[in-house]
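Student: Line by line, the protein sequences are chains U and C.
The working numbering applies: residue 51 is where the first sequence begins, and numbers increase by one.
The working numbering applies: residue 51 is where the second sequence begins, and numbers increase by one.
These aren't lab readings, by the way, just hints derived from the structure by calculation.
Please read all numbers here as calculations on a predicted model, not as lab measurements.
There are no misleading hints in this set.
If chains are identical, the list can't say which one is meant, so a pair holds when it fits in one copy or spans any two.
Lysine to aspartate or glutamate pairs mimicking DMTMM-like chemistry, simulated, CA-CA at most 25 Å apart: (1) K74 x D151; (2) K285 x E89; (3) K168 x E339; (4) K285 x E82; (5) K285 x E103; (6) K285 x D188; (7) K74 x D118; (8) K562 x D256; (9) K74 x E164; (10) K74 x E103; (11) K195 x E89; (12) K168 x E82; (13) K154 x D118; (14) K74 x E89; (15) K285 x E512; (16) K168 x D220.
2 protein chains.
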Amino acid sequence: MSSTTTTRQSLEEIFAAACSHARKAAVLASVESLLGWDERTMMPPQAATYRAEQAAALALLVHQHRTDPVQAERLAQLTESSLATAGPPHTQATIRLLSRDHAKQARLPPRLVEALAKTCVGAQQAWAAARAASSWPDMQPWLEKIFALKREQGQCQLPDRDPYDALMDDYEPGAHWPAVAARFDSLRGQIVSLLQACMGSSRRPDPSLLARRFPIDAQQRFVRNVAAGIGFDFKRGRLDTTDHPFCSTAGPDDCRITTRWDECFLPTALFGVLHEAGHGLYEQGLSREWYGLPPGEAASLGVHESQSRLWENMVGRSPEFWEWCFPLAQQAFPTALADADAVAMQQSLMAVQPSLIRVEADEVTYNLHVMLRFDLERAMVLGELRVADLPDAWNQRYETDLGHRPPSAADGVLQDIHWSAGLVGYFPTYALGNMFAAQLMAAAERTIPRLDRQIAKGSFGELLEWLRHSVHSRGRLLESEPLVEEATDTPVSEHWLVESLRRRYGPGYGLKGLG
Amino acid sequence: MSSTTTTRQSLEEIFAAACSHARKAAVLASVESLLGWDERTMMPPQAATYRAEQAAALALLVHQHRTDPVQAERLAQLTESSLATAGPPHTQATIRLLSRDHAKQARLPPRLVEALAKTCVGAQQAWAAARAASSWPDMQPWLEKIFALKREQGQCQLPDRDPYDALMDDYEPGAHWPAVAARFDSLRGQIVSLLQACMGSSRRPDPSLLARRFPIDAQQRFVRNVAAGIGFDFKRGRLDTTDHPFCSTAGPDDCRITTRWDECFLPTALFGVLHEAGHGLYEQGLSREWYGLPPGEAASLGVHESQSRLWENMVGRSPEFWEWCFPLAQQAFPTALADADAVAMQQSLMAVQPSLIRVEADEVTYNLHVMLRFDLERAMVLGELRVADLPDAWNQRYETDLGHRPPSAADGVLQDIHWSAGLVGYFPTYALGNMFAAQLMAAAERTIPRLDRQIAKGSFGELLEWLRHSVHSRGRLLESEPLVEEATDTPVSEHWLVESLRRRYGPGYGLKGLG
Chain U
51 MSSTTTTRQS LEEIFAAACS HARKAAVLAS VESLLGWDER TMMPPQAATY
101 RAEQAAALAL LVHQHRTDPV QAERLAQLTE SSLATAGPPH TQATIRLLSR
151 DHAKQARLPP RLVEALAKTC VGAQQAWAAA RAASSWPDMQ PWLEKIFALK
201 REQGQCQLPD RDPYDALMDD YEPGAHWPAV AARFDSLRGQ IVSLLQACMG
251 SSRRPDPSLL ARRFPIDAQQ RFVRNVAAGI GFDFKRGRLD TTDHPFCSTA
301 GPDDCRITTR WDECFLPTAL FGVLHEAGHG LYEQGLSREW YGLPPGEAAS
351 LGVHESQSRL WENMVGRSPE FWEWCFPLAQ QAFPTALADA DAVAMQQSLM
401 AVQPSLIRVE ADEVTYNLHV MLRFDLERAM VLGELRVADL PDAWNQRYET
451 DLGHRPPSAA DGVLQDIHWS AGLVGYFPTY ALGNMFAAQL MAAAERTIPR
501 LDRQIAKGSF GELLEWLRHS VHSRGRLLES EPLVEEATDT PVSEHWLVES
551 LRRRYGPGYG LKGLG
Chain C
51 MSSTTTTRQS LEEIFAAACS HARKAAVLAS VESLLGWDER TMMPPQAATY
101 RAEQAAALAL LVHQHRTDPV QAERLAQLTE SSLATAGPPH TQATIRLLSR
151 DHAKQARLPP RLVEALAKTC VGAQQAWAAA RAASSWPDMQ PWLEKIFALK
201 REQGQCQLPD RDPYDALMDD YEPGAHWPAV AARFDSLRGQ IVSLLQACMG
251 SSRRPDPSLL ARRFPIDAQQ RFVRNVAAGI GFDFKRGRLD TTDHPFCSTA
301 GPDDCRITTR WDECFLPTAL FGVLHEAGHG LYEQGLSREW YGLPPGEAAS
351 LGVHESQSRL WENMVGRSPE FWEWCFPLAQ QAFPTALADA DAVAMQQSLM
401 AVQPSLIRVE ADEVTYNLHV MLRFDLERAM VLGELRVADL PDAWNQRYET
451 DLGHRPPSAA DGVLQDIHWS AGLVGYFPTY ALGNMFAAQL MAAAERTIPR
501 LDRQIAKGSF GELLEWLRHS VHSRGRLLES EPLVEEATDT PVSEHWLVES
551 LRRRYGPGYG LKGLG
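The shape of chain U in the complex, shown without the other chains:
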């Protein structure tokens, strides 16, 4: 018995050492994240070259730390131990997931990690310049490098998997292309039907209210109040300006969101901030105690996106939300909104119009933008589409799926930063997130009594509490689909998103039968 106790204790010591090692990697990764935030919000323009060296040095340190053979030994011992099968649930999951992560990382050659880090910094700067000049030739060689490196990464990290699945796995653990593609095909068909119905209707919402003049300084105060109103904690976060809005976490109490501003279109900043604050609420809701370990990490980017979309679209475009928000808006923009009311404001947000730019797309057509990127990037990873042929393929898909051919590379293939940032296999998580968001919101509405009335009063606490309990506090112990199924008590399906879109967008187009 004394020997068992000793073994048991030393196992727990090994577990503690493994956790401490992983937390140390998280400390370094959080510094890497801060460098990335700074690069996109604060860094002087000429500092980019050296920033690439800094980012590469950090990435290498994080990688060295994450692939430390001593940690591999600890994890191997733990995996074979009773802790892995009979320990507390968080312990079991931590051992399993740290081992999985470690194996994936250890399979990447340091040369590749460094090359990716350096290439991505250079490519992002090149992207900004190429996009400004609308010059595809300036970007092509960078994307060729990136896709070659990413293909190699996929092949290295999960050699038994399809290389595109292996890349998706970084963002949506366990995602399989055939399953995702099948869901997307079904979703695409139903969205196209809804879109055709909307476009065929003679009735349509009038969005002109949103294009009045909304002074930027008033917007800044207004969106900050809205973000704080839904629960974003500014003592543990900040809001800054960027070209491409994002949410970045530099520690358990340091979540940074960004937006851009358009004086003549209020939704740019407002829904940008609702979206990023939705991500921020997830980050701020993760377990502080388990920070840097799987029980304190986000489940997947799809689940992350479900949180941003839930606040942006399910909450932020609802009539109830505008009962609360409109008086704030009118106070912020007394001239622009003098003759408006909450109903007109909310209805003006429900216009659907196929367009060229993903980040400006309405909620109905948005997923069409995402799904075509999913197809194109997979084809490039598999070598079925050459990077050189991307602009033609892109333009053709836009013409087919959205009825518009981009007049320029800036409005076409150069519009997103993702690929130049090495984010390949990332796009599908946007559409998955929209699906999860609709399914979660439907469950919240079933569970929380009079949720609509709470929202109308600006009381978001109970909804946030439900999300904290059902999603945030779960960390990444479950993969996204089991997590959403458990949270909603229903199988994952694109049905909820389609239903939500029909119910919310149909009426503005007189499509009552769809409601």
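Please arrange chain C on chain U, whose structure you already have, making use of the hints.
Tutor: Chain C in isolation, oriented as in the chain U frame:
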């Protein structure tokens, strides 16, 4: 001959490896610096705890890197080689200085490095609270710990030197207490004479012009233009807001300065920015090619301070400067400066008044604040003054040297963050910097034809070029005194500062004989 060539080549390879190792440490140190900048400008309030972990992790990595035994071997080999005595001058100096730095770092026990890092984080937090509560007893135990640790650090890192000199060496390499003290004694006597003459005069400058209302947003545009005007490159730097202005470098093209704003006192921001931009011009003038190695590093903090003081005081308070700057100021503050002119503006800046707070002191009394701290900190390091007796000693010196006894600890011994941040041996560099600034400016005036007229036209290029050539481009190949002597072709002396103060401050007090 072939064998000689081989030896020679492999020595150069060792040198390249040693440089690459040192540059890697500089990359990590630059990230540490960015964390520090972020902490003081951007970080959400509750993120401080985790930031301490991030900073400690980086500090440990930098220390590990700097004390790597493989690097020690390389440096030992190089020191004994022909490269150290017959290589190119930059190579010789690099070998000598990297070896010296490495030996100093390696003599510090890791236990001491960690204890210092942790104690300083705690002590700075305690300082902020103690200062807010004006409570010396809350600070005393922390300073006792700090001075004990710093004494040990001095004894470890340069065991053959006086422990206070060993600490000064971190900021002012090669500084010796007896020489500095003798210079300061002479300087103190001459400043006190000038001060008594000023205070005894019935004529004095009227500073009331500076206390009108200067809207903050106009100040922001104005000081940015002034900083750019003297040559600060905003493509390689930025300007932000903090409580305690500083200049921080996060890479060769990433120099960040900060300031604070006072709507009712223009000099706070203006001279804060001129000062920090002066530091920034030095950083931006260091060799990019040698970044991270001694030929690309600043010579000392005294030399650094000479650059900030030169632009702040020698240039920024001169009548010529205001010939150029006043129209910009009047444009920025049309109401406040409607009835003013360049002469009145410049004269309003030349008021002298002994006071209690170092950072608010005028240029004449400033060095008295510094020199008393120099005496007190040395006495504490040597154990001649107990930390417990510091407040009495402080108050007595203020009464003797500046004629005021601090009414509270907050306005007295708790006013500076330095000691709680472990910066012991740092204060004298402020007064040394003032001396170097005056000596350099006198040499620039002798060397550059019609420098005063160039300044009056806002042409600072030739002065900056002279500083780049004489100081910035020299890196830290020379210690500060030989550097200043070579740049000015005169021995280092307090004479230049005294002369400069008399010449510039005398007339406002009707002391023409001093001019």
